[in-house]
Every structure is written in C-alpha cells, then in structure tokens.
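Trainee: Sequence order for the protein chains is A and L. The numbering used here puts the first residue of the first sequence at 1, with every later residue one more than the last. The numbering used here puts the first residue of the second sequence at 1001, with every later residue one more than the last.
Because the hints were derived from the structure by calculation, they are not lab data. From the three backbone atoms N, C-alpha and C, an ideal C-beta is built for every residue, glycine too. Some hints could be false.
[Stated by the list, open to error] Examples of chain L residues lying across from chain A (beta carbon under 7 Å, computed):
1. Ala1093
2. Val1101
3. Thr1335
4. Pro1336
5. Thr1340
[To be verified] Computed Cβ-Cβ distance ranges for the label pairs, DEER-style:
6. A:Gly11 x L:Gln1239: 39 to 49 Å
7. L:Leu1009 x A:Ile3: 34 to 44 Å
8. A:Pro211 x L:Leu1009: 25 to 35 Å
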Amino acid sequence: MDIIWFVVFGGLLAGYFALEGFDLGVGMHLLGRPRGQRDEMVAAMAPFVLANEVWLIALAGAMFGVYPQLESSVVFALYPIVVGMLLSWVLRDAGLWFRRRLPGDGWRAAWDLAIGLGSLGLTLGWGLVLGALVTGSPGLLGLAIGVVLVLLFTLHGRTFLAWRTPEAASGMVAVKPVTLWMFLATGALAALPALAVVVGGAGYLLNHSAPSSTLVTLGLMVVPFAPIMVGAQVWVWRTFRRADRQPSFF
Amino acid sequence: MDVLDLARLQFAVTGSLHFLFVVLTLGLAPLVAIMNTRWARSGRPVFEGMTRFWGQIYVVNYALGIVTGLVMEFQFGLSWSGLSHYAGDVFGAPLAMETLVAFFLESTFLGLWIFGWRRLPKWLHVACIWMVVLTAYASAFFIMIANSFLQNPVGAVERGGRLELADFGALVSNPALVGALPHVIGAALLTGGMVVAAASSYQLRRRTAEVELFTRSLRIGVVTAAVGIFVAVASGHAQFGLIQPGKFEGNAGAGIGLGFMILLGEMALFPLLLFFGAAVSRMPRWGWAQSLLIGLTPLPFVISILGWMAREIGRQPWLIWERLTVEDAMSPGLTPGMITGSFAGFVGILGLLAVIDYVIIVRIVRRGPVELALGA
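Turn these sequences into a full structure, and let the hints guide you.
Mentor: Next comes the structure, spelled out in structure tokens:
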C-alpha cells in the first residue's frame, strides 16, 4: 500500500509541474507585454488554470494523509519559503480572478503584474524547495534550480501558447507550427526536476508513510472517486483543447 | 502577545475570513444550480439572467474562498506541526479526502462551468454546476469530520505517544459532527438566502428594469433564508445535548460568542425571517421589509463568526479535547520573527483582497444584470 501511495504522490507532483508549469510560464510571459497581448495570453490559459492548480492542493492533501510527518518537518523547516510561495500563489490567483472585474487599464495592468510576479515568486520558491530537499537547506543550489525552473516553465508556457493559440504567441516567438508532441515534451521537461527529487527520496518517503490502517482507509475512499477525477480532467482538455475567440472570464 | 497568541490569532483570522466566503459559497451554489436547471428546462431569458447574475456573484465570492483556504491548509504545517505529529494519521485522513477528492473535483467542475458556457451541451453544463454543489457540500462534510474530531476525539487509539486511526466509522458518526454539520448547512442557506433577498430588495427599491428577475429572486432568497435559519436553530439546540460537558463554563470568549449568536440569530432574525417566509407573496410590495432586509445583510456573517468563536474558543486550552493542548501543538522552534512576518503577510494580503472582493460584489449588485462577464 505504501508503494501505491508513493506512486500516486509522485504522479501528483509530476502532474502539477507539467500542468501548472505552463500556467506559471504564461504568467511570467505577461510581464512587460501590451494589454491586448496579455488578454490573449490569459484567455488561452484561463480554462485550464482551475483544473491545473488543484493538483498541488491534492498533493498537499496526500502529504497530510500519507506523509503526516513530512508535512510537519518539511513545511516547517522551509517556513519563510513556504510563506513566500503561498503569498505568490494568492497574488497570482487574485490577479486572474480580479483583472477583468473592474474597468480601466491601470486596474488590469496592476493585476497582470501581480500574476507575473506571483508566477515568478512561486516558480523560484519551488526551486528553493527542491534544492533544500536535496541538500538539506535552501542555498545556492536551490536558487540555481529556481532559475532552471523559470526557464523550463517559460519555455513550456510559450509552447502551450504556440500550440493552442498561435495568434496570441505571434510577436513573442518566431511562429513555427507546434505539435501536441512538442507541448507534451516541454511538459515532461518541466516535471523532470521535481520527479528526480521524489525518486531520489523514495527510500525516505517509504520509511515515513502513515500506518497501513490509514493508508488502506484513504485508498478505499479515494478509489471510487479516482475515475471521476481522471474523467473530469480529461473532459477539461477535450472541451477546451481548441482555442476560441470568445471573451474569457479571466 | 507572545508567539502562541499570534499563531492562534493568525489561524483565527484566516479561518474566519475563509468561512465568511465559504458560508456564502455554500448558500449560493444550490440556488444558482436550481436557477440554471430552470433555465435549461424552460429556456426563458429571465432564468438565464438569474443564473448569470447570481452566478457572477457566486464565482467572485468563490475566488476568496480558494485563496483563504490555501493559506489555512498550510498553516497546519507552518504553525501547528505538533498536531500532525501527534494526530496526523487520524486528522489527516478527512483533510486529505477534502482536498484530494472534494476540492479537486469542485474546482475542476467549476472551471468547466465558467468556461464551458455556450461550449458544452446544455444539460452537461447544468450537470457541472450540480457537481460543484455536491462536491462543495462534500468538502463541508469532510472538514466538519476533521473539526469534530478535535472537539471529540473518537475512533482513534494512542500507540507510542501518537494517535492511530482505529475506526473511521466512529469519525463519521461523531456526536460532535451530527449536530454541527446541519448547523453549518443551515447557516449557509441562511446567508445565501439573505444575500439574494437583500440584493434583490436593493434592485427593487431602485426601480430596476428587471422586475421579474428580482421579484423571483427575492422570493427565493426569503424562503431559503427562512428554511436555513430554522435548520440552524433546530440543530443548534440539538447540539447542547452532544457537546463536551463544561465547554462554556468559565470560558468568557466562548460564552460571549454563544450568547450573542443566540441573541442575534435566534431572538432577532429567527422570528423575523419566519414571518417574512410566511408572507413571502407580499414581500415584493413591502418596501419597508425590503429596506430592513438590506440593512440586515451583515447579520448572518456576524452570527456565523460568533458561532465558530463559541465552538473553537470553547475548545481551549485543548486543540484535541483532553488529548493535546494548543500550546503543545505549536511548532517547536516557531520564533516571534517568523510568526510576526507571516502574520503581517497573510492577514495584510488576505484582508486587502477580501475588501476588494466585497467592493466588486457590491458593484455587481448595484449595476444589476448588465455586462456580466459570466456566460458572455
């Protein structure tokens, strides 16, 4: 049971990086762009954001249930980083929800800045977290991983834009036709650093699983819902895969 | 204030902010789903208008529910690592179910509903909002299981200085849950109903062009609020036989919360709403009643927070009743600098966003159903 939950945990983490990775990448691309382009970029990712960010919330839930010890030791050990990441995440989300709620260029520009800086802060925070998990403390390595993640996510975000709405991406990249496979490839790249850290820490994680009674109970309760969860995610991609020119709520 | 006080206050403030938005989300969601269903069935523009207008308020409110919830969830690890160390194997299970299943689905289906307008087939779109309702209430159920465990730790055995899950069924049938869950649902319906009734009253008093839309909404709001407060009062009284003995004795904060909740909710609002509910067909013509409803809008929110104060301050000094104190649950090594910095960040940013969110909602109410982004 502990191995099954380890695989689920690793899958959630990789999924989060591959999916939310392009949202954060697109968010960082907003910085310094004119309003029309920002609108198109946000509209391109908007239908996916809610379905993507829940992977991290599910991951946190799994950590609470499956690795309660890890939850207290890792989250608390990285206190200032976690606080900074949460604030970045909150600002990014608030920017998306609020940017079109009141009229005015200034209002929208301010929230787009919040989306951009929030995405950047969250990405760098992940680098520091991964660095700390490898070396024991968030140091230069963490910062370096953070920079790598910024590059990977912006690449992934650009691929996403070029794949889904080539018009929105024009002016920022030399428009080459991007296939689904290229998008999947940058997604895999974005997930690679996190996946490497989890696989490297497999022994530690398996030694710190919750007792089997908890794992079995959780498993029995999650299994009936798993097909609905997977189905809902697939449905999001089937519904919004093709870009449309309708106004976006975000 | 010392570190412990600040950590408690931080959780209390983020938790209260979270609930202010959650209680309206839970109350509005079923109403929006019903309106959407009636629109799908009849195809009438008035129901489309209702779905989009109340839906827009619902999703703007939902945004703050998400971000406050995020901060709250991670505070368990930041400030209260002693809780997951001692009871994580038990307490973590319902919390994991909430995030892993309920919230995951709620957010995914809400995205499908918001962005699937005019894209998804009509009835699949309706199904999405009903899935949102179902999973929102499932969330409330799992969270209340976790909270009730803190009030009355059943279904767990202590082994080697830590609690282990022995009986999940006992967590679900916890006496601390049985009365509290309907109480929370009643409070949510009261809040959702009151907000719909008050906003409709405002539009009717301002001679809106959308008379039918807001007359219907006013009736729905008044009836929902009356049903909600009836459920809340009845399940509130039922709880007195189920709570921990001595909870409100010698605990001033909890006593004050309980006292004012009963005074405002049961003595003032309860008879008024039952009267309005009985006279619902006259409400669209009673200008004075509409003005009264507008003025009373903050009341369900105030009462909800008072109720949580009674329940949570009444638990002190225990985090898990007679098992683990709040003091022992605090993360060892939490320094004044850490808690002050995070307090300023969380409370400052979330407080600011909450104010902005309410300004946006008030603006939607004042403008009425024009130029709505939802479903455009």
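Trainee: Hints first: check each against the structure and report whether it holds.
Mentor: Hints versus structure:
Checking L:Ala1093 against chain A by beta carbon gives a least distance of about 6 Å; that is within 7 Å, so the hint holds. Interface restraint check: L:Val1101 against chain A, minimum CB-CB distance 5 Å, threshold 7 Å, status holds. The closest approach between the C-beta of L:Thr1335 and any C-beta of chain A is roughly 9 Å, which is over the 7 Å cut-off, so the hint fails. For L:Pro1336, the shortest C-beta to C-beta distance to chain A is roughly 13 Å, which exceeds 7 Å, and the interface hint is violated.
Among the interface hints, the one on L:Thr1340 is violated; its C-beta lies about 11 Å from the nearest C-beta in chain A, farther than the 7 Å criterion. The hinted range of 39 to 49 Å is satisfied by A:Gly11 and L:Gln1239, whose Cβ atoms lie roughly 41 Å apart. For the pair L:Leu1009 and A:Ile3, the beta carbons lie near 42 Å from each other, so the given range of 34 to 44 Å is met. In this structure, A:Pro211 and L:Leu1009 meet the distance hint of 25 to 35 Å, their C-beta atoms being roughly 34 Å apart.
The structure is inconsistent with the numbered hints 3, 4 and 5, although it conforms to all the rest.
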